[in-house]
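**Q** Go ahead and model the full structure; you've got the sequences and the hints to work with.
Listed here are the chains, written in short residue letters.
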Amino acid sequence: MTLWHIAWNYLWNRKLTTFLTIVSVALGVALITSVLLLHYETEKRFVEEGQSFDVAVGAKGSTQQLVLSTVYFIGQPTGTIQYSDFERLQKEEEVLAAFPINMGDSYQGFRIVGTTREMLEFNWVNRVTEERRGTFDIDQGDYFAKPLEAVIGAAVAIESQLRIGDEFASMHGFADMGFSEHHDAKPYKVVGILKASATPNDRAIFVDYNSIYEVHDDEYGTPSLSGAESAPGANYKSGEEHSEVGEHAEEADHAAGEGHADEEHGHAHKQLTAALLVLESPAQRFEFKQRIINDYPNAVAAVPIDEIQQLYNQLLGTARQVMVYIGFLVMVISSISILIGLYLSIIQRKRDLAIMRALGATSGEIVGSVLIEAFWVTLLGILAGYASGLALTWGIGSFLASKIGFEVSVFRPTADMISAYSAILIMGMIAGILPAWQAYRTDIARDLAEL
Amino acid sequence: MVILEKVRRKLGPGVEFICDEFHAPEGAQVALWGPSGCGKSTMLNLISGLLRPNSGVIRVDGLETQRMSNGQLDRLRGERFGFIFQTFNLLAPFTALQNVMLGMRFSDTRPSKEWRAHAIHLLERVGLAHRLNSKPGTMSVGERQRVAIARALANRQRIVVADEPTGSLDPKTAASVMDLLLELCRENKVTLLLVTHDQSIANQLPERFDCTGLARETAQ
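Quick mapping for you: the protein sequence lines, in order, are chains A and B.
This note's numbering numbers the first residue of the first sequence as 1 and each following residue consecutively.
This note's numbering numbers the first residue of the second sequence as 1 and each following residue consecutively.
If you are wondering where the hints come from, they were derived from the structure by calculation, not from laboratory data.
Please read all numbers here as calculations on a predicted model, not as lab measurements.
It is possible that part of the hints are untrue.
Derived coverage of chain A by chain B (criterion: at least 3 residues anywhere in the stretch with Cβ under 8 Å from a Cβ of chain B; other residues may be distant) [claimed, not checked]:
1) 8-14
2) 360-370
Some but not every residue of chain B turned toward chain A, in silico, with C-beta under 7 Å [what the hints assert, rightly or not]:
3) F22
4) L50
5) P53
6) R77
7) G78
8) L91
9) G103
Even glycine gets a Cβ: it sits at the ideal position worked out from N, Cα and C.
**A** So, in structure tokens, the structure goes:
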């Protein structure tokens with residue numbers, strides 16, 4: 001029969017009080033757990049994704065908006081750049097690979113991303129760890145080979161019930177406002193389904209970037225585009241409004257009245273939403289970005305990982321701190337409840353302590369058993385709080401996965417969490433010191449009054 | 001063996017415990033007898049080290065306890081003294097078996113692997129083989145006092161101090177508990193110091209020490 005056993009028996013003897021104290025500790029721990037876990041996991045996912053591309057180049061505007069819209073498929077694109085700029089970028093010495101991005105349409109809320117087959121086939125690795133990333137691994141079918149063929153993300157396949165060979169018509173904009181136009185005349189055909197990757201790719205539809213031009217060509221026709229302007233800045237419209245000019249670059253081609261026959265000239269006037277670049281080395285990111293800003297007057301460049309970390313620090317960093325502070329405040333209150341619970345328990349069982357002393361227990365053993373009680377309550381509170389925190393995180397993570405495609409892996413304690421739990425355990429033990437001191441000062445003869 | 005020589009202990013303003021001489025040889029069974037408030041309980045507290053004397057000498061098996069540190073007294077109590085109280089003082093969260101094992105837990109007189117078997121043996125000896133896993137709250141007062149007796153003998157104690165051990169029991173149960181206690185102390189050659197205000201109980205023990213006047217008013 002150890003002191004742990006003795007302490008446990010006393011806790012079990014007052015189950016309700018013990019349970020309520022554990023619940024109060026668990027509340028604080030659950031809050032801290034979910035805040036830290038969500039922050040860590042979402043940041044990790046964002047950073048992983050942000051590491052895929054070294055530089056994003058888009059129309060002048062918010063660099064964060066550029067990165068969020070083109071890398072994470074969140075929010076509206078900033079506008080368009082000239083296709084000729086993209087061609088120039090491809091030839092830059094530092095560029096290992098350049099991928100065009102065309103956006104503006106969607107299907108059932110899933111964003112249609114126009115790009116090249118090369119982007120899907122590219123050997124994607126984490127630029128820091130060099131680990132292979134299977135974010136474009138194909139599950140069924142194959143990658144698109146020509147315009148109007150589509151490769152859909154895993155979540156798209158599940159939610160839209162689209163299968164290989166199915167056809168679907170895209171819609172203007174990223175959200176169905178009820179009056180949004182549908183491109184029924186040029187439906188896409190599903191030729192491939194991606195493996196689930198727990199990234200935004202799960203919730204995207206990838207097509208050849210020329211598909212976007214083709215879809216809008218047919219609908220608006222060459223003559224109707226004659227008034228379109230070709231300058232990227234002037235062509236900007238919000239994604240919801242869905243600019244048939246700015247976001248669908250072939251229109252500018254027609255505006256020039258040249259048609260498809262003159263491919264060279266056509267490309268010269270085509271526009272793209274953005275270009276995503278992989279450089280020879282991640283070390284070149286910032287220097288290259290600066291050069292792009294200087295050399296391309298109508299474009300802006302951003303380093304995705306830099307933008308996302310800034311966003312985290314500016315916005316989520318503060319929110320995280322506030323939530324962690326609230327969690328610790330709850331913990332302080334919980335510690336006080338441990339203190340009160342144990343203190344009252346010591347007062348109530350002074351005679352028991354005196355009996356133990358009469359049986360030969362030393363003051364140290366009595367103090368030890370009280371501190372162990374504090375340890376048990378705190379430890380069980382942490383375990384219960386951890387489990388509740390995981391459940392809460394899982395719930396929020398499921399919501400996040402459905403909204404932005406990021407899945408949160410909840411069963412991975414982080415260094416922050418372990419530090420927080422250690423701090424909580426220490427707080428619980430500190431809360432046990434006063435009752436333990438009270439027990440230490442047991443006056444055996446007085447407490448065994450009738451002896 | 002327990003010896004008190006010229007022991008004094010202040011009990012309060014103008015009240016002092018004074019015992020010039022007391023001697024209980026090894027294996028003796030002594031009733032500390034006297035009316036309420038005469039100082040019997042104070043005497044037991046001083047002998048078992050729960051109270052310290054202001055002056056005088058207390059020898060337990062040749063050891064002068066008034067010179068001992070608190071830690072040494074704790075050890076001495078755990079190893080040599082067994083306690084039986086009027087209100088049993090069993091620990092409520094623990095079963096009868098665990099209460100007896102606790103008696104062994106706080107001393108080094110027996111290896112931990114023997115605790116359980118020895119506790120079962122003692123409880124069988126006091127007729128509670130069927131109550132091993134019962135908690136005190138579910139037991140009769142007689143059964144509780146039998147558990148307390150088993151606990152008091154768990155460490156091969158040399159001295160059992162019993163404070164009014166039958167005070168809460170009905171006469172029939174009290175008689176059987178007394179018989180058991182005296183028999184076990186004889187069996188184990190344990191010195192028994194039993195406090196009682198009841199002369200009929202005191203008369204059951206071979207030796208009696210009249211405590212009347214041990215606690216007395218003194219000039220301040």
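**Q** Compare the structure with each hint and give your call.
**A** Okay, the hints, checked on the actual structure:
no.	hint	in the structure
1	8-14	holds (count 4)
2	360-370	holds (count 5)
3	F22	violated (17 Å)
4	L50	holds (4 Å)
5	P53	violated (12 Å)
6	R77	holds (5 Å)
7	G78	holds (2 Å)
8	L91	holds (5 Å)
9	G103	holds (6 Å)
When the structure is compared with the earlier hints, violations turn up for hints 3, 5 and for no others.
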